[in-house]
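Engineer: One letter stands for each residue in the lines below.
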Amino acid sequence: MTAADMLARRSPAPWRRTFRRALIPYLFLAPFFITFLAFWLGPIIASFLYSFTDWRGVLDAQFVGTANYERIYNDPRFWLALRNTAFYGLVYVTLLNVLALALALALDSTWLRFKNGLKIGFFLPVTISLVVAAVIFEMVFANGVGLLNIILGALGLPQPDWLGDPQVAIWSIIILRIWRALGYYAVIYFAGLQAIPSDVKEAARLDGCRPWQVTWYMTLPLLKPVILFGVIMSTIWALELFDEPWVLTKGGPADSTLTIVIYLYQAGFQYIELGYAAAVSYVLTFLIVVAAIVQKLLIGREQQ
Amino acid sequence: MSRMTRRILLAAVSAVAVVGAAAAQAKTKITYWAWTEHVAAANAVKTEFEKQNPDIEVEISNLNPFDLQDKFLVAMAAGVGGPDVALILQRRFDVYISTGGLLETTKEMSPLKGQYPAAVWSSIERDGKTYGVPYDQNPSALFYRSDIFEQNNIKVPFDTWDDFVAAGKVLSQKGIFITHVSAPSGVPGVANLVEYLQSRNAQIFDDNGKVVRNNALARETVRFYYDLARTHKIAFESRNNAPEFFQAIKDGRIAGYAVPSWALFRLQKEAPEQSGKWRAMPWPKWGANAPATTGAWGGNVLAIPKSSKNKEAALKWAQFIGANDITQIRIWEEGHLLPAFEPALKSEALLKGESYLGGQSIYESALKPRTLNNFNYFDWAKTEVIVGNELDLMFGNKKTPEQAWDDIEKQLISQLRR
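Residue numbers (our numbering), protein chains in the order written: chain D, 1 to 304; chain R, 1 to 418.
Chain R extracted, bound-state conformation (with noise of 0.2 Å):
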């Protein structure tokens, strides 16, 4: 080989190195901020959808939910140090969109309005825009200890929650609880409360966001709540997933999880002994001809922050995650998360049997009987405080059930001026 030929062959080599280094360079590298379950089933796709889009990167950050939330609002204030696309809880995203730091969503998501139930469509939207991408939705069912029902003689599934409560006077007599409730609430037991309240359609703001005034439902409600730790004592009291809780799941003291179905996660964890003995079921009606309607604990929204760099390669990645039935099937299947994109709900997945429940599939014997009722959410930080404190002076016998809704009431509306 002549030095000229040498030469014009290494050139070449260097160009294709360059060329090639330049274009490993160009890949567009976005970061995801979300935690446990939610990482695992964003780890289980990244690599498809990488495939799929070849010039984008993803880089999965796990951080604890309640940080991460923080955190993003920080990021989204200073317009630095943030993700590209953050999982948020859904009760919490009014607050985002309120600070106007978040995409807009509307020109991409609103052709898939329809394809999201109305619960979860309605925390995106403000005002005719959309922003962000819904993820998942949580609607509560619940759990049960079969052997612990069989030995009693209780029948299931309950139609109402009289049955429920008449079934958890039997249990208490052996010293057994059929459910657990958020004793002292704080800010993490608020959820608790909301899954009751939205069950029944009990509203604490109208569609425009004023306070429902004298609310005689969400009292009626509060004061089930009281009833079921106080009255009936058929509730294990405990702080939202204290260790004394989780102690008495073991024990076999609390025989019932009302829930959704990421309690199937939490159960399989805590107590891996007791597999096969539990059983979800259906959440219980308000009455024998109420509506066969259903509350929710959680449910969480992708956010994509205005000052991302790459927006497009974002919404691209939240799309992947929030609007694609394979990816959410895989949701599903990783962390029991029930999709928000309703084509993935008509998958063969969700009919599949769990071990841990017997067999049963989850979806098909609790979730799909049941409608999941809308919630308004507005400037839920605050509230959550105000109703989180309310509740503890209730259950530290400081107030009555009413007099503790009555001033949740007039407190929100003097605070939020709502």
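If we strip away everything but chain D, and leave its shape as in the complex, we get (with noise of 0.2 Å):
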């Protein structure tokens, strides 16, 4: 035997060796596709399979076609859930995103003072845990006895029952939201701003623009993938919307914060009526990315 047959032998064959070389990305990748595939795509797959039966947990599940669904859309109560959340959604989401925006603007300008101190500030609501800032709410909406009503009082204005007018309740919802959300996408869009090279501001300057005409013309345009990234999460968000309405009026008065999560809940965690929670939850995914291609198709068009 010579050498060279001897090396042969001992070093695996170059099939062998390629695929060797191939496989080992795959497991250094494969905890997380094990896990993704345990703990999200089983799941995902489950409830939907589980959204065709009148599952409710212990007792086996029976198959019942598309019932399930059909009941969701015969339930009246259900189309007041999707409205109060189409009404809360624009409103928080548009309020949230300008908002957000004008104060990230200002903190990028020169004109601002205290700029850390705002930036603390308005970042820290994030930073609080929601029992903390439902406590503190629940006290600020106090009727008659709370911090925004005597505020109101004192400037001779009118004072609602912010938790207890079915008129007034979502209005709570979304101050208490636009409260806790602001500081995070301002820090969002203030980052997307810093992004911005600042020669190309400059020069609109120096070629006669105004300040307004340069925050029309060149900064909002060049923000626009952030800005879409602002308004697809914030509409997820919103869509999803359950711990502040949860916690602060369950819901009510007379349904008027019913979300479509809150009514999941009730359907899955009350009622214990798991197959038919889990139709409402793939309804709810279903509108979710339909909001999200809508938004991305009128915002990031001209992006595209």
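Simulated from the structure, these hints should not be mistaken for lab results.
Careful, some of the hints might be misleading.
[Unchecked claim] Restraint-style ranges between C-beta atoms, simulated for each label pair:
#  : chain 1 : residue 1 : chain 2 : residue 2 : range
1  : R       : Arg126    : D       : Gln62     : 18 to 28 Å
2  : R       : Lys368    : D       : Phe63     : 51 to 61 Å
3  : R       : Asp227    : D       : Lys119    : 47 to 57 Å
4  : D       : Leu90     : R       : Glu364    : 54 to 64 Å
5  : D       : Gln62     : R       : Gly128    : 21 to 31 Å
6  : R       : Ser414    : D       : Glu240    : 28 to 38 Å
7  : R       : Glu57     : D       : Glu240    : 35 to 45 Å
8  : D       : Trp237    : R       : Thr231    : 37 to 47 Å
9  : D       : Ala38     : R       : Phe66     : 30 to 40 Å
10 : D       : Gly65     : R       : Gly100    : 15 to 25 Å
11 : R       : Asp227    : D       : Leu90     : 34 to 44 Å
12 : R       : Gly353    : D       : Leu95     : 48 to 58 Å
13 : D       : Gln194    : R       : Gly100    : 51 to 61 Å
14 : R       : Gly276    : D       : Gly153    : 33 to 43 Å
Note that CB positions come from ideal geometry on N, CA and C, so glycine has one too.
Hints given; two lone chains; assemble the complex.
Structural biologist: See below:
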């Protein structure tokens, strides 16, 4: 046996070497994919299958075809929840993004003082747990004796029952949610503004543009990808609204703050109709996907 | 000591240590979920239980009562992650039974049937089988500010609700409310209305779970409830447990509180400066010749999931706190929760005067003179949503009380198919 033969026998065949090289990255990725299959894809598929059953958790599930989806379609309470969620989403997403953008522009400007203090002040609510925020806002919104009504009263303005009046309750939720999220979105927009090269704005100024023209014609168009991100993310969060109305109003009064997720929660975890709740969750997912696509088409078209 | 002796000694010590460790490991650990005053009560009797059952260790968790109900339901459905014993709101217990995930306790509990009031026992019974162990009952009484009543020459106790309304009108002239009504109601306020319905035996469901049709008594009761706030204007309106309600109590703008004995726990916490000014009287009757009955706001049951790995130990603990007079008395002492186990009601401890009530015993002066009516709870999670929404529409002036009740009835029939 020659030396060359011996070497050939010791080292693996070329195909095996190639296979090993190709396999190694997948081995590194395997933990993620196994976890993804077990805890994401598995439940996603299982819940889709359960949405066609009358599953109540402990007892065996019976196949009911599309009965759950038909029930959703025929339940006026679902449509009320959808209408509330849509109204809330429209107002919340618009107000939040406009305010966060305005705040970020102010923080990016040269005329504003105490920027660091303001940044901390606006970001602080993001770090506060919902339970603490709910206790604070329960006091703020309290009818007659709450801080907000004391201020409104001192200004001679009407003092609504913030959590008790069905016409007003949803606004309480919007105020609380914006208070909690504003700092987070302002930071995102602020980071986007920092990424815009200063020489672009400088050139516009040298060409005689006024500050508002620089903002309107230069800064905002360049910020469009960030705005798109902010709008899509806040829309997803809006459609998934649950915590604030659940803690403050439990969906009331008279279902005026009932959202799709509260509706889903009640079906799944209070009535223990898990098959029906799975169907509602699929309808919600469908709505989120549609909303994201529409927004991408509207805001992202020029970008593309 | 020779090397051999040392080795033998060492081996013996090791053996003892191993056996000891094994014994310690053999201890069965059970978990119990409850909230605030019930946790305090459980902690007070835990040592005694562990002394009587050295092989069992109890771990007590304090959870928000509403979160607890939902979490337990999910854990039961999933078959994992739940406690061995959980305290469940009596009115919701029916939903838990219907899942098929609760441990049947017929064999252990049926010999004790005569030891519980019928209103409490009915909540754990379904088709002749029992599930769980009754824990406490919360019959309603009428708490009032004796100083304000005296200043206004109001004679107590009231015999009927007519007397109550007449007194309320006297106080309302001075801007003082004689009671509170949960308006807006939503789900949390439904229990407030149920106090009144139950006290006059105005059932929503009959014994078989069918919705009572053309329910004139319930309609009349909703009208009465509405009139307290809107027609007579003698009830302070607020959401249940809202800050403005407690502020009004502190300001002396509310001189009455129509709730069970847990009110004492709450009043002491929210208005300690009013100690000695409050008293309690029995729930008024619905007419001079009407039976001396009352309703309830609350009441709880101990549930054991089938999925518990320590069913025997769990049942022991549940019976220890729910079917034992000594423990049940401690529950009263810790949280003013009236024992469900009737032998405990004979205890002298229940006759003890409360300094907050000027030395008065709640049990003797307000609870004992009334019998707690039974109330049928079926599909209560859904029922609460329907009733709560209709009450909100009623208090929002969108419907009359009669329309609201008729719509409640229609929705219950169509949605629950009962």
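Engineer: None of the hints should be skipped; say for each whether it holds.
Structural biologist: Hint check results:
1. Against the hinted window of 18 to 28 Å, the Cβ-Cβ separation of arginine 126 of chain R and glutamine 62 of chain D comes to about 21 Å, which satisfies the hint.
2. In this structure the hint that lysine 368 of chain R and phenylalanine 63 of chain D lie 51 to 61 Å apart at CB holds, the actual value being about 55 Å.
3. Between aspartate 227 of chain R and lysine 119 of chain D the beta carbons are some 55 Å apart, a value that agrees with the proposed interval 47 to 57 Å.
4. A C-beta distance of roughly 59 Å is found between leucine 90 of chain D and glutamate 364 of chain R, which places it inside the suggested range of 54 to 64 Å.
5. Checking the proposed 21 to 31 Å range against glutamine 62 of chain D and glycine 128 of chain R shows it holds: the Cβ atoms sit about 26 Å from each other.
6. In this structure the hint that serine 414 of chain R and glutamate 240 of chain D lie 28 to 38 Å apart at CB holds, the actual value being about 30 Å.
7. For the hinted restraint 35 to 45 Å between glutamate 57 of chain R and glutamate 240 of chain D, the CB-CB distance of approximately 40 Å keeps it satisfied.
8. Between tryptophan 237 of chain D and threonine 231 of chain R the CB atoms are about 44 Å apart, so this pair conforms to the stated range of 37 to 47 Å.
9. Distance hint check for alanine 38 of chain D and phenylalanine 66 of chain R: the Cβ-Cβ separation is about 31 Å, which falls inside the suggested range of 30 to 40 Å.
10. Taken as a hint, the range 15 to 25 Å holds for the pair glycine 65 of chain D and glycine 100 of chain R, whose Cβ atoms sit roughly 23 Å apart.
11. Separated by about 40 Å at the C-beta atoms, aspartate 227 of chain R and leucine 90 of chain D satisfy the suggested range of 34 to 44 Å.
12. Taken as a hint, the range 48 to 58 Å holds for the pair glycine 353 of chain R and leucine 95 of chain D, whose Cβ atoms sit roughly 57 Å apart.
13. Hint check: glutamine 194 of chain D to glycine 100 of chain R, Cβ distance near 58 Å, so the stated range 51 to 61 Å holds.
14. For glycine 276 of chain R and glycine 153 of chain D, the Cβ-Cβ distance of about 34 Å falls inside the hinted range of 33 to 43 Å, so the restraint holds.
Figure legend: structure checked against the earlier numbered hints; every hint is met.
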